[in-house]
Amino acid sequence: MPDMPPALLTPEWIGMIDKGVSAIVASRDAALRPSVMRAVGATIAPDGREITVFLARSQSRQLLQDLAASGQIAVVFSSPTSHRTVQVKAGGVTGRPATADDLPLLQRYLASMEWELCTIGYKAELVHSMLAFRLDDLVAISFQPETAFDQTPGPRAGAALASAPAGTP
Amino acid sequence: MNSRAAALTLCAIRGCMDGAIPAMMATCAIDGTPNVAYLSQVYYVDERHVALSFQFFNKTRANILAHPFGTVLVMHPVTIGFYRLHLRYLRTETSGPLFEGMKAQLAGIASHSGMADVFRLLGSDVYEVTQIDDVPGQRLPEPPARPDMLAGLRLLAERLTRCTATDEALQASMATLAEQFGVRHAMVLMHDAAAQRLYTVASCGYAQSGIGAEIEMGHGVIGVAAQERTPVRISHMTHAASYSHAVRASLQEIEPGVTLHTDIPFPGLAQPRSQMAAPLVAAGRLLGVLFVESPDELRFGFTDEDLLVAMAGQLAATLELLQQQPVGDSAEATATPASASAPVPAPQRQPAGPPLLVRYFNANNSIFIDQNYLIKGVAGAILWKLLREHMHDGRSEFSNRELRLDPAIGLPDVADNLEARLVLLQRRLQETRPGVALEKTGRGRFRLCVERPLKLAEIGA
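Those sequence lines, one after another, are chains W and D. Residue numbering for the first sequence follows my numbering, beginning at 1 and increasing consecutively. Residue numbering for the second sequence follows my numbering, beginning at 1 and increasing consecutively.
Among these hints, one or two may not hold up.
In silico SDA-like pairs for lysine to any residue, Cα to Cα no more than 20 Å straight-line [as the list claims (entries may be wrong)]:
id, chain 1, residue 1, chain 2, residue 2
1, W, Lys123, D, Glu142
2, W, Lys123, D, Val78
3, D, Lys59, W, Lys123
4, D, Lys385, D, Leu448
5, D, Lys59, W, Ala31
6, D, Lys59, W, Arg33
7, D, Lys59, W, Asp150
8, W, Lys123, D, Pro144
9, D, Lys59, W, Gly91
10, W, Lys123, D, Arg273
11, W, Lys123, D, Ile21
12, D, Lys59, W, Glu146
13, D, Lys440, D, His390
14, D, Lys59, D, Pro144
15, D, Lys455, D, Leu357
16, D, Lys59, W, Thr147
17, D, Lys59, W, Leu161
Between beta-carbon pairs, the in silico distance windows are [stated by the list, open to error]:
id, chain 1, residue 1, chain 2, residue 2, range
18, W, Pro104, D, Ala66, 40 to 46 Å
19, D, Gly182, W, Gln65, 44 to 50 Å
20, D, Pro143, W, Ser82, 27 to 33 Å
What the hints contain is simulated information worked out from the structure, not anything from laboratory work. As the structure is a computational prediction, the values presented were derived from the model and not from experiment. Every residue gets a Cβ at the ideal spot worked out from N, C-alpha and C, and that includes glycine.
Work out the full structure, taking the sequences as your base and the hints as a guide.
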């Protein structure tokens with residue numbers, strides 16, 4: 001690609017996703033029936049051009065099938081403490097089994113979520129149960145966000161982020 | 001999806017739908033682009049339907065209107081079990097009980113999530129639940145088994161059938177909540193239809209009883225339950241200014257230039273984590289609200305709401321019955337006021353000591369004894385009548401009936417709960433001990449006891 005488009009996500013959004021906040025993943029099947037599950041981990045490249053979410057196969061069979069078949073993905077990231085929320089979408093994904101190399105970032109994600117949720121009054125054991133996984137059950141799904149929307153609760157929720165995705169004049 | 005899912009009922013996972021933990025909804029645009037967004041509210045309608053709050057014209061809503069299929073991810077707040085609800089959109093309701101019920105719950109959710117200015121219910125989107133997925137995962141233990149609620153309800157029913165006075169019915173309800181259901185903080189407020197307020201007539205578990213404290217209709221969990229005539233339950237109130245009933249202390253100008261403090265502090269918990277209110281309705285008329293709260297999160301679930309609504313129904317029916325004219329008690333009707341005003345054996349001590357200054361402010365029927373605020377409104381007007389008649393002709397014995405018939409008291413209509421006003425007045429006198437008291441002397445009868453000579457002053461006549 002001769003000219004990289006400007007980054008879709010601002011450093012502020014990248015920082016929030018990098019820190020580790022709630023991540024909910026969706027796709028759809030051929031009949032456009034949606035599928036959805038919470039990720040147990042997420043990470044973002046420093047420039048914001050690639051995002052990886054970790055899903056448990058046992059919890060996400062339909063979702064993983066739909067991601068493989070359609071490549072269509074939507075992920076909403078939300079900070080429980082600030083309510084700041086952003087949704088990113090893409091039309092193509094790559095998947096691979098998670099490995100031991102992923103453990104440090106999964107643990108970092110858990111620690112951040114524990115801080116976020118305990119700050120608003122949830123117990124740590126609740127957070128640990130919610131995000132519990134077996135490594136051999138995890139799949140890493142990576143994609144390059146093509147569109148992004150500010151979904152922080154309020155009347156302006158849903159506004160597309162200013163930067164245009166690749167392919168837009 | 002599997003045999004486990006097939007056995008799962010919506011009722012069994014009602015706990016996921018109490019607004020404690022946000023749900024997420026995936027939809028799909030007709031061009032095949034999925035969308036996922038947080039939901040403020042997934043509301044249990046019945047075994048086959050849920051309703052989602054429609055607050056904004058967003059992508060989720062646009063998608064659903066074009067292609068009516070959604071998948072919602074919910075989580076149980078105690079077990080942390082995930083469930084997916086597969087939904088098909090049916091219709092949107094913008095009025096009626098479902099809408100009002102959701103609006104009330106949303107007000108609580110909005111308030112406890114600091115979104116009071118953001119969340120506004122435009123409609124209740126009703127969906128058919130076509131499938132429930134029981135998502136595997138690590139779960140925490142189910143909440144411990146509860147005491148038998150039906151047995152507790154039976155006990156309340158038995159107690160209420162024995163009650164012959166409003167105050168007994170109120171106390172029986174408070175006692176049942178505490179003894180059978182471990183509810184340590186509860187109160188009953190009655191509806192003042194004319195003033196559009198609720199006033200506290202019974203409470204338990206608070207340092208100050210708060211008898212006489214008032215709540216505006218529509219204000220807080222109690223006011224919303226009354227206004228919308230629907231149960232309201234909030235089970236998670238940590239990250240917010242709580243959905244407070246605290247009435248801002250206000251100085252009320254009773255007469256031009258006469259400003260006096262007439263607020264009785266609301267007795268509620270300073271930092272409630274769980275609250276629940278059920279309207280007291282009998283024969284289609286709002287009588288008041290039965291309210292419980294707890295300093296613990298997630299204290300009240302759907303089953304507790306079932307229980308509170310059942311208790312409220314029984315209590316309301318009893319209060320309504322006790323408000324009726326005593327059947328066959330013709331003695332009351334004929335004996336007053338003639339015989340009551342006749343000299344009767346004085347069972348009380350003769351008033352002695354310096355006179356009590358009783359001031360009555362016409363503007364709001366408020367009464368101050370010496371410098372202390374006692375009561376206002378209809379209860380104030382009642383006491384003023386009693387004190388005046390006592391001063392005028394020495395009467396001490398009175399009947400409910402003559403109060404009902406006295407236009408000066410200004411009971412809004414025959415349906416007004418006079419019994420509750422008398423309970424309020426009697427309790428306030430017991431608590432403040434101003435030297436004046438009311439004693440019940442029989443069904444529909446009571447005695448005014450005055451310890452000191454009276455000096456009455458009517459202001460703004």
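Hint check:
no. : hint                           : result
1   : W:Lys123 / D:Glu142            : holds, 16 Å
2   : W:Lys123 / D:Val78             : holds, 11 Å
3   : D:Lys59 / W:Lys123             : violated, 33 Å
4   : D:Lys385 / D:Leu448            : holds, 11 Å
5   : D:Lys59 / W:Ala31              : holds, 19 Å
6   : D:Lys59 / W:Arg33              : holds, 16 Å
7   : D:Lys59 / W:Asp150             : holds, 12 Å
8   : W:Lys123 / D:Pro144            : holds, 18 Å
9   : D:Lys59 / W:Gly91              : holds, 18 Å
10  : W:Lys123 / D:Arg273            : holds, 15 Å
11  : W:Lys123 / D:Ile21             : holds, 13 Å
12  : D:Lys59 / W:Glu146             : holds, 17 Å
13  : D:Lys440 / D:His390            : holds, 17 Å
14  : D:Lys59 / D:Pro144             : violated, 41 Å
15  : D:Lys455 / D:Leu357            : holds, 5 Å
16  : D:Lys59 / W:Thr147             : holds, 14 Å
17  : D:Lys59 / W:Leu161             : holds, 15 Å
18  : W:Pro104 / D:Ala66: 40 to 46 Å : holds, 43 Å
19  : D:Gly182 / W:Gln65: 44 to 50 Å : holds, 47 Å
20  : D:Pro143 / W:Ser82: 27 to 33 Å : holds, 30 Å
Violated hints, listed in ascending order, are 3, 14; each of the other numbered hints is respected by the structure.
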